[in-house]
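Trainee: The lines below spell out each chain.
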Amino acid sequence: DTEVTQTPKHLVMGMTNKKSLKCEQHMGHRAMYWYKQKAKKPPELMFVYSYEKLSINESVPSRFSPECPNSSLLNLHLHALQPEDSALYLCASSLGETQYFGPGTRLLVL
Amino acid sequence: SQKIEQNSEALNIQEGKTATLTCNYTNYSPAYLQWYRQDPGRGPVFLLLIRENEKEKRKERLKVTFDTTLKQSLFHITASQPADSATYLCASRGGKLIFGQGTELSVKP
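Residue numbers (our numbering), protein chains in the order written: chain S, 1388 to 1497; chain H, 536 to 644.
Since the hints were derived computationally from the structure, they do not count as laboratory data. Watch out, some of these pointers could steer you wrong.
[To be verified] Each computed SDA-like pair below joins lysine to any residue, with the alpha-carbon atoms no more than 20 Å apart:
#, chain 1, residue 1, chain 2, residue 2
1, H, Lys631, S, Val1435
2, S, Lys1428, H, Lys592
3, S, Lys1428, H, Ser543
4, H, Lys631, S, Met1433
5, S, Lys1423, H, Ile633
6, H, Lys631, S, Thr1394
7, S, Lys1405, S, Leu1495
8, S, Lys1423, H, Arg572
9, H, Lys538, S, Leu1432
10, S, Lys1425, S, Gly1401
11, H, Lys590, S, Glu1484
12, H, Lys538, S, Lys1405
13, S, Lys1425, H, Ser543
14, S, Lys1396, H, Arg577
15, S, Lys1428, H, Pro575
16, H, Lys631, S, Gln1424
17, S, Lys1428, H, Arg628
18, H, Lys631, S, Arg1417
19, H, Lys631, S, Tyr1436
20, S, Lys1423, H, Phe581
21, S, Lys1423, H, Val580
22, H, Lys592, S, Thr1485
23, S, Lys1425, H, Gly576
24, S, Lys1425, H, Arg577
25, S, Lys1428, H, Ser641
26, H, Lys594, H, Leu609
[To be verified] Computed beta-carbon distance windows for the label pairs:
#, chain 1, residue 1, chain 2, residue 2, range
27, S, Ala1426, H, Tyr563, 21 to 31 Å
28, H, Pro575, S, Met1414, 21 to 31 Å
29, H, Ala618, S, Ser1449, 26 to 36 Å
Beta carbons are placed, not taken as given, at the ideal position from N, Cα and C, and that holds for glycine.
Next comes chain S alone, as it looks inside the complex (with noise of 0.2 Å):
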């Protein structure tokens, strides 16, 4: 298996709900990514997990919450979004040098 899978594919929220992207991988990576990409951006990353064990924040408000539950999966929990939140949300694995990329979850904030 040498895919990244993500759920949901698309996803409407209001600024007041709680949901979560998932994120799952079979590839025995022990790293793994999340990345939020704006339209015509590159993908910015936001975690790193490495080990299970969250190894970089890049300064992501706390609005969004990593959990690493095993080594396959990997989630992401909203709360209280913006609309400026609105984006394609990447997740991706690695074992070495590439980084494998899920099809994303593309997220609208109301």
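Fit chain H to the given chain S structure using the hints.
Mentor: Just chain H, lined up with the frame of chain S:
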């Protein structure tokens, strides 16, 4: 600070021609450069990695070069096809993976 720049936002070429995309880096010396392809609304897909001690690398119709003197990588697609139309991202690790802004390639039939 470490920077990667792709100097064309968009590139339009005719089918069958060679597309050449440029990636320049400043303020650091990456051990390698990577190229990814991204289709609209999808995640980037890894294409090629070239290390600093490699001058050139090929994969089917793709060729990447790495010139440490010019601080530049060139990405070529030969015999381009409309299916090659996508955004191509250059990336390198300077602590974390840094992406260039991307070049949107459009191949017209």
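Trainee: State for each hint whether it applies.
Mentor: Structure-based check of each hint:
no.: 1; hint: Lys631(H) / Val1435(S); result: holds, 9 Å
no.: 2; hint: Lys1428(S) / Lys592(H); result: violated, 27 Å
no.: 3; hint: Lys1428(S) / Ser543(H); result: holds, 13 Å
no.: 4; hint: Lys631(H) / Met1433(S); result: holds, 11 Å
no.: 5; hint: Lys1423(S) / Ile633(H); result: holds, 13 Å
no.: 6; hint: Lys631(H) / Thr1394(S); result: violated, 25 Å
no.: 7; hint: Lys1405(S) / Leu1495(S); result: holds, 13 Å
no.: 8; hint: Lys1423(S) / Arg572(H); result: holds, 17 Å
no.: 9; hint: Lys538(H) / Leu1432(S); result: holds, 15 Å
no.: 10; hint: Lys1425(S) / Gly1401(S); result: holds, 19 Å
no.: 11; hint: Lys590(H) / Glu1484(S); result: holds, 19 Å
no.: 12; hint: Lys538(H) / Lys1405(S); result: violated, 36 Å
no.: 13; hint: Lys1425(S) / Ser543(H); result: holds, 18 Å
no.: 14; hint: Lys1396(S) / Arg577(H); result: holds, 10 Å
no.: 15; hint: Lys1428(S) / Pro575(H); result: holds, 12 Å
no.: 16; hint: Lys631(H) / Gln1424(S); result: holds, 16 Å
no.: 17; hint: Lys1428(S) / Arg628(H); result: holds, 18 Å
no.: 18; hint: Lys631(H) / Arg1417(S); result: holds, 16 Å
no.: 19; hint: Lys631(H) / Tyr1436(S); result: holds, 12 Å
no.: 20; hint: Lys1423(S) / Phe581(H); result: holds, 18 Å
no.: 21; hint: Lys1423(S) / Val580(H); result: holds, 16 Å
no.: 22; hint: Lys592(H) / Thr1485(S); result: holds, 16 Å
no.: 23; hint: Lys1425(S) / Gly576(H); result: holds, 10 Å
no.: 24; hint: Lys1425(S) / Arg577(H); result: holds, 12 Å
no.: 25; hint: Lys1428(S) / Ser641(H); result: holds, 17 Å
no.: 26; hint: Lys594(H) / Leu609(H); result: holds, 14 Å
no.: 27; hint: Ala1426(S) / Tyr563(H): 21 to 31 Å; result: holds, 28 Å
no.: 28; hint: Pro575(H) / Met1414(S): 21 to 31 Å; result: holds, 25 Å
no.: 29; hint: Ala618(H) / Ser1449(S): 26 to 36 Å; result: violated, 43 Å
The structure does not agree with the numbered hints 2, 6, 12, 29 stated previously, though it agrees with the rest.
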